[in-house]
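**Q** The chain contents come next:
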Amino acid sequence: MSVVSAENIDFRYARQPVIDGVSFSIEQAQRVAIIGPNGSGKTTLLKIINGTLVPDAGRMFVAGRETGLWKRREIARKVAIVPQETDVTFPFYAEEIVMMGRFPHLKKYHFEDKNDYRIVHEAMEKTNTLAFASRRFDELSAGERQRVLIARALAQEPEILLLDESTVFLDLKHQAQFLSLLRQLNLSQRLTVMFVTHDINLAAQNASKIILLSSGKIYAIGEPADVITAANIKEVYDVNILVDRNPHDGSPRATLLTS
Amino acid sequence: MFFVFLILCVVSLSVGSVYIELDHVFHSIVAAITGNLSLSSEEELILFSVRLPRIIFAGIAGAALSLGGVIFQAILRNPLADPYILGISGGSALGAIIGIVIGAGSFYLGIPLLAFLGALATVFLVFIMAGRSRGALLDNSLLLSGVVVNAFFSAAILFFLSIINSMELHSITFWLMGDLSHASAKEIGIAAVCLLAGFIVLYAQTPKLNLIVQGEDTAEHLGVNVEKTKQGLLIVTSLVISVLVSVAGIIGFVGIMVPHLMRLVFGSDHRLLLPVSALFGASFLVVADTIARVVFSPAELPVGVITALCGAPYFIFLLRRKTF
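The listed protein sequences correspond, in order, to chains A and B.
Residue numbers for the first sequence follow the working numbering, so the first one is 1 and each next one is one higher.
Residue numbers for the second sequence follow the working numbering, so the first one is 1 and each next one is one higher.
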């Protein structure tokens, strides 16, 4: 059964169509990359998947149930998102931020118990953030913050993890760690991962399926080798690329051709 | 895990210390009064029927205003927001004055009700003016709209006070600077009940507040129905503030100083911030009111003079800082 499926969804901000007749279906434990130029609707699509935005037309299903029917708290137990950025007006400690991932699991009017602390501790261990657990979030570097937000999403114990450009601020070592962690969670817990990225090679190497968006429509969907072609990229991004095989795992590798 | 537990223990001990401080202040006031006044049978009368209710009332007022500050700052994600700055207090006052003018006082709770409507209308107005921005509402449009709303309400209040010559209309200073000396036991009782009920309702929402200050999108992602929560919080907070204003007048700046100071000491977790702010706010206003009573004794200053004298410089200091 598909865990995430879209049936012909439209979404507009004001009158501007952002998502236009999008349909797709994602199986459990797939790793899906969403790529496309700026303004092609990638982030909006993520927000529609986790139900914070409701499509103007069409239907979005998560675990077989339409997103509009879920209570926020219920859907937050299934779907977690790592946002691009977060508000840091008020000072919180890194650990408090991660603990907020437990909110959808807390019973009403209850405080976190030992189990919640254990889960938070594990999430911080996996993301290598324990070292600054008691530092203030707003004083961390961009990469450190991003790891804290990833830890928060893991503490949510989701079945579907949505990532919005979550590797951009990470240095190489943490990028590698994070990508391995995703693979591992994907294999061991059958976590479904959907990630938005601008890095075509990152998508090709780490996704089992790629959605290529162009002005709110799905231009191509399928395995990396079928989507990452010179013709598709030329059409959608208006750039010339050379596609060959990456020697490490044979996934398609794009090289930007500049004059 | 144990470390976190220790932090929580220390923190909860500190909450106790603020309470002790309040207690301390309370006792020292009682002692000072007893010491100053000649020992006679009037002493007890003054203590228990004049001073005590007033101190209790000051505590209620301080707690309610601080509560309002915490909630508005969280919802607007702006550490400069408070019921006074946003004009909510002014709206309540205008509502109450209109209530008195049209004779709503003859109905049970008529005046607090109109104050409440005034507050709600102001909240609505402020949100429209500040726009439904999804980002941080740090920009000064909110403060500017508050300035405009406040100027308008001050003018309207003065207008009504000038054209109506009624014994029931308190003095101008009551409405513009606050006054804790006129409240009857019944009014204090109503304010206390509203504060208590409001606190319980608001406290139950504090985990959601923690998420909302991370940004509304984030709160939604983590399972909060933001619109619904915000509406509920605004209504309850407006109720607490408006009832208070209808019996104590407009006391400014408490709601801005107290939450900020408490955040510096206790961090931003609203489950802690809300109660410590209420307690500290209560202590603060008791002290402020005591100062207002004693500096030029036997003449009294309106308590709002003291809070504005501390609060306005503090506000400027906050405005010039980048982090909160």
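Read the hints as simulated data drawn from the structure, not as lab findings.
Any given hint could be a false lead.
To be verified - Listed below are the simulated BS3-like cross-link pairs for lysine-lysine, each with C-alpha atoms no more than 30 Å apart in a straight line:
{"#": "1", "chain 1": "A", "residue 1": "Lys217", "chain 2": "A", "residue 2": "Lys47"}
{"#": "2", "chain 1": "A", "residue 1": "Lys173", "chain 2": "A", "residue 2": "Lys126"}
{"#": "3", "chain 1": "A", "residue 1": "Lys126", "chain 2": "A", "residue 2": "Lys234"}
{"#": "4", "chain 1": "A", "residue 1": "Lys107", "chain 2": "A", "residue 2": "Lys126"}
{"#": "5", "chain 1": "A", "residue 1": "Lys234", "chain 2": "A", "residue 2": "Lys47"}
{"#": "6", "chain 1": "B", "residue 1": "Lys228", "chain 2": "A", "residue 2": "Lys71"}
{"#": "7", "chain 1": "A", "residue 1": "Lys108", "chain 2": "B", "residue 2": "Lys228"}
{"#": "8", "chain 1": "A", "residue 1": "Lys107", "chain 2": "B", "residue 2": "Lys186"}
{"#": "9", "chain 1": "A", "residue 1": "Lys217", "chain 2": "A", "residue 2": "Lys173"}
{"#": "10", "chain 1": "A", "residue 1": "Lys217", "chain 2": "A", "residue 2": "Lys126"}
{"#": "11", "chain 1": "B", "residue 1": "Lys186", "chain 2": "A", "residue 2": "Lys47"}
To be verified - Which stretches of chain A does chain B cover? Using the computed rule of at least three CB atoms under 8 Å from a CB of chain B, they are:
{"#": "12", "segment": "69 to 82"}
{"#": "13", "segment": "88 to 94"}
{"#": "14", "segment": "224 to 233"}
As the list claims (entries may be wrong) - Have a look at the derived ranges for each label pair, beta carbon to beta carbon:
{"#": "15", "chain 1": "B", "residue 1": "Ala151", "chain 2": "A", "residue 2": "Asn115", "range": "52 to 58 Å"}
{"#": "16", "chain 1": "B", "residue 1": "Ala156", "chain 2": "A", "residue 2": "Tyr109", "range": "26 to 32 Å"}
{"#": "17", "chain 1": "A", "residue 1": "Asp138", "chain 2": "B", "residue 2": "Tyr314", "range": "35 to 41 Å"}
{"#": "18", "chain 1": "B", "residue 1": "Glu227", "chain 2": "A", "residue 2": "Arg118", "range": "44 to 50 Å"}
{"#": "19", "chain 1": "B", "residue 1": "Ile316", "chain 2": "A", "residue 2": "Asn38", "range": "27 to 33 Å"}
{"#": "20", "chain 1": "A", "residue 1": "Tyr13", "chain 2": "B", "residue 2": "Ile316", "range": "49 to 55 Å"}
{"#": "21", "chain 1": "B", "residue 1": "Gly232", "chain 2": "A", "residue 2": "Glu235", "range": "46 to 52 Å"}
Glycine included, every Cβ here is placed at the ideal spot set by N, Cα and C.
**Q** All hints are to be evaluated individually against the structure, with a verdict given for each.
**A** Cross-check of the supplied hints:
{"no.": "1", "hint": "A:Lys217 with A:Lys47", "result": "16 Å, holds"}
{"no.": "2", "hint": "A:Lys173 with A:Lys126", "result": "14 Å, holds"}
{"no.": "3", "hint": "A:Lys126 with A:Lys234", "result": "38 Å, violated"}
{"no.": "4", "hint": "A:Lys107 with A:Lys126", "result": "26 Å, holds"}
{"no.": "5", "hint": "A:Lys234 with A:Lys47", "result": "28 Å, holds"}
{"no.": "6", "hint": "B:Lys228 with A:Lys71", "result": "12 Å, holds"}
{"no.": "7", "hint": "A:Lys108 with B:Lys228", "result": "16 Å, holds"}
{"no.": "8", "hint": "A:Lys107 with B:Lys186", "result": "38 Å, violated"}
{"no.": "9", "hint": "A:Lys217 with A:Lys173", "result": "35 Å, violated"}
{"no.": "10", "hint": "A:Lys217 with A:Lys126", "result": "36 Å, violated"}
{"no.": "11", "hint": "B:Lys186 with A:Lys47", "result": "51 Å, violated"}
{"no.": "12", "hint": "69 to 82", "result": "holds (count 9)"}
{"no.": "13", "hint": "88 to 94", "result": "holds (count 5)"}
{"no.": "14", "hint": "224 to 233", "result": "violated (count 0)"}
{"no.": "15", "hint": "B:Ala151 with A:Asn115: 52 to 58 Å", "result": "53 Å, holds"}
{"no.": "16", "hint": "B:Ala156 with A:Tyr109: 26 to 32 Å", "result": "41 Å, violated"}
{"no.": "17", "hint": "A:Asp138 with B:Tyr314: 35 to 41 Å", "result": "21 Å, violated"}
{"no.": "18", "hint": "B:Glu227 with A:Arg118: 44 to 50 Å", "result": "33 Å, violated"}
{"no.": "19", "hint": "B:Ile316 with A:Asn38: 27 to 33 Å", "result": "41 Å, violated"}
{"no.": "20", "hint": "A:Tyr13 with B:Ile316: 49 to 55 Å", "result": "38 Å, violated"}
{"no.": "21", "hint": "B:Gly232 with A:Glu235: 46 to 52 Å", "result": "49 Å, holds"}
When the structure is compared with the earlier hints, violations turn up for hints 3, 8, 9, 10, 11, 14, 16, 17, 18, 19, 20 and for no others.
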